[in-house]
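Protein chains: 2
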Amino acid sequence: MPDLRKDPIIGRWVIIATERAKRPDQFSGQSQENHVEKPCPFCEGNESSTPPEIYALRPKHTQPNGPGWDLRVVPSISPFLRIEGELDRRGDGLYDVMNGIGAHEIIIETNQHIANMADLSEEQVVNVINCYIDRITDLEKDKRFKYVLVFKNHGWVAGGGRVKHSRSQLIATPVNPKRVKEELIGARQYYEYHERCVFCDLIKQELASKDRLILDIDGFIAIAPFASRFPFEVWIMPKKHSSDFVNLDMQSRFNLGKIIKKVLMKLKKGLNDPPYNYILHTAPFRRQKLGYWKSIENDYHWHIEIMPRLTRVAGFEWGTGFYICPLPPEDAAKFLREVEV
Amino acid sequence: MPDLRKDPIIGRWVIIATERAKRPDQFSGQSQENHVEKPCPFCEGNESSTPPEIYALRPKHTQPNGPGWDLRVVPSISPFLRIEGELDRRGDGLYDVMNGIGAHEIIIETNQHIANMADLSEEQVVNVINCYIDRITDLEKDKRFKYVLVFKNHGWVAGGGRVKHSRSQLIATPVNPKRVKEELIGARQYYEYHERCVFCDLIKQELASKDRLILDIDGFIAIAPFASRFPFEVWIMPKKHSSDFVNLDMQSRFNLGKIIKKVLMKLKKGLNDPPYNYILHTAPFRRQKLGYWKSIENDYHWHIEIMPRLTRVAGFEWGTGFYICPLPPEDAAKFLREVEV
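Quick note, the sequences are listed as chains S and G, same order.
Everything in the first sequence is counted per the numbering used here, starting at 90 for the first residue and increasing by one.
Everything in the second sequence is counted per the numbering used here, starting at 90 for the first residue and increasing by one.
Treat the hints with caution; some may be incorrect.
Each pair may be met inside one copy or between any two copies, as identical chains are not told apart.
Using 35 Å as the maximum straight-line C-alpha spacing, the simulated DSBU-like pairs for lysine-lysine come out as follows [as the list claims (entries may be wrong)]:
| # | residue 1 | residue 2 |
| --- | --- | --- |
| 1 | Lys293 | Lys267 |
| 2 | Lys299 | Lys230 |
| 3 | Lys127 | Lys358 |
| 4 | Lys149 | Lys95 |
| 5 | Lys127 | Lys329 |
| 6 | Lys267 | Lys329 |
| 7 | Lys328 | Lys127 |
| 8 | Lys270 | Lys149 |
Derived by calculation from the structure, the hints in this document are not laboratory data.
From a predicted model like this one, the values you see are computed outputs, not experimental measurements.
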């Protein structure tokens with residue numbers, strides 16, 4: 090069972106992932122990309138290489154865990170957190186620890202061996218969005234979980250695995266993540282002062298100035314954020330205020346699929362298929378609409394952050410929490426606007 | 090002039106480092122380590138390859154910027170922040186921005202072409218410690234600066250440069266870094282409740298349990314922290330409470346040099362010269378010993394964090410602020426205890 094351990098000074102949670110633990114001597118040497126590719130466990134026909142599916146988009150006449158599907162969700166074979174068990178929060182002297190309970194699922198986005206989500210069809214991207222919504226909604230029923238983070242690691246440098254088959258991941262966590270809390274608190278403070286959503290104001294300013302605007306289509310915008318951490322960082326946001334990603338209507342899901350595909354294609358074409366991460370930040374589960382987060386519907390605004398990984402994070406960043414971005418986001422936005430896709 | 094820009098939602102500062110900006114098309118393609126090594130600008134005899142020295146450890150009969158030195162400090166040739174100018178804090182609609190004012194210095198730790206600080210003599214490591222103290226003390230006189238972060242990037246993956254010559258860096262910043270503030274606030278909260286320093290309590294617990302203890306020599310301990318973010322993460326701390334690194338007495342500087350060298354040698358030998366970052370966290374400048382930080386001497390405790398870079402940081406970490414450490418720190422400590430140096 091992995092441990093969830095809390096740093097006693099700043100309260101940062103760390104997953105001590107014993108399930109995928111290596112022996113200490115297996116870490117020695119410089120970490121290197123290993124290009125050996127075995128038969129892909131995520132391709133159609135190889136369903137027996139994965140754990141049984143949790144969810145699938147497949148015609149009625151096909152069998153679970155057989156071929157014929159368009160999208161599958163399976164548990165991770167080396168999960169960061171385990172689904173079985175209780176949290177068992179406890180102290181260890183000064184320290185806080187709980188069992189590493191959570192869900193860790195792999196969303197296989199296509200039955201074909203396609204590496205980059207940019208190369209999926211718009212329809213396939215929409216299937217992925219539908220799947221995110223269905224899985225988040227399902228995991229909300231499990232009272233142990235406070236949040237579901239959906240993310241993607243594309244390419245080795247971005248934490249991608251050895252198998253190059255386009256997939257997203259999601260992890261349901263028993264505590265609200267620090268990064269999400271920081272956004273919730275910041276958005277709350279802004280709302281309390283201005284009685285407006287900080288994201289909505291930001292969108293208005295970006296639409297007016299256009300300096301950092303990459304795309305503005307069908308109710309969504311893609312921008313290079315003003316305080317970009319990484320060169321070519323892109324945020325995708327609905328122009329209409331919405332705190333919860335799962336409330337997206339069908340037409341908006343289609344439009345979101347279109348803008349995600351366009352942004353990913355611009356990155357792929359303009360930057361020669363760079364490694365990237367993306368994350369979906371939506372409001373945490375609110376089973377009781379009371380307490381501190383009661384007005385969250387007004388002050389938070391879901392969004393997707395896409396982070397190409399073209400620079401290295403070094404001592405200064407770790408020591409300060411500052412980031413250093415060697416490319417002004419205005420230049421990044423201009424470059425990406427001009428990439429034809 | 091680089092910009093310091095503040096994220097309007099969570100208040101994270103980002104340096105938009107226009108001084109080392111590349112054109113957008115220069116980022117394309119996967120980032121790769123480039124092994125081409127030109128004549129080393131940091132070796133003795135090549136002093137003219139660096140900007141004029143700010144500080145040097147050299148015998149009286151030698152000339153500044155000539156040979157014969159043991160250690161030199163020079164300004165970075167591609168500084169993240171610029172020393173000249175005023176902060177000029179200003180708004181840009183919703184956003185906050187100020188000029189990227191600061192100091193960015195390179196501490197060349199030896200006149201010989203040695204890549205890893207582990208291979209310096211104990212005396213040379215002590216010279217480096219003395220230099221950190223002298224430079225921090227000098228930069229405190231500049232009222233524009235609130236903090237000096239000392240750090241090291243060893244190896245390409247850890248952000249090291251193409252030139253493999255052992256050096257530290259320091260950056261003086263006009264705002265207190267987020268990561269340092271989080272520690273100060275956490276330590277303050279612990280102190281207010283317990284009237285004890287959280288680091289002192291942590292040291293006591295680690296000395297009692299010994300599970301995560303790597304070294305305990307001459308007033309300093311090296312531990313694998315309970316909530317390690319990275320496999321083989323090591324913290325070095327003085328056992329005697331002290332908030333300010335610059336207050337180290339001569340004997341303690343010598344003892345610190347000894348433990349730093351031993352830890353770095355254990356990492357180099359046990360893990361085959363891994364890339365690593367280290368950072369020094371000390372209390373921020375307090376020119377007026379009043380206000381919020383007035384009791385900082387009691388509640389903060391300086392320390393060094395060493396982070397081998399053997400794992401990749403991916404979407405889950407960026408999205409949550411959680412870290413995933415695939416090796417229990419108890420196993421890391423046992424392994425490092427047993428590496429003979």
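For each hint, the structure was consulted:
1. Lys293 to Lys267: Classified as both; 27 Å inside a copy, 28 Å across copies.
2. Lys299 to Lys230: Close neither inside one copy (41 Å) nor across copies (42 Å); limit 35 Å.
3. Lys127 to Lys358: both (27 Å within a copy, 33 Å between copies)
4. Lys149 to Lys95: The answer is neither: 46 Å in one copy and 51 Å across copies each exceed 35 Å.
5. Lys127 to Lys329: neither (45 Å within a copy, 54 Å between copies)
6. Lys267 to Lys329: both (26 Å within a copy, 31 Å between copies)
7. Lys328 to Lys127: neither (43 Å within a copy, 51 Å between copies)
8. Lys270 to Lys149: Classified as neither; 41 Å inside a copy, 56 Å across copies.
Figure legend: structure checked against the earlier numbered hints; hints not met, in rising order: 2, 4, 5, 7 and 8.
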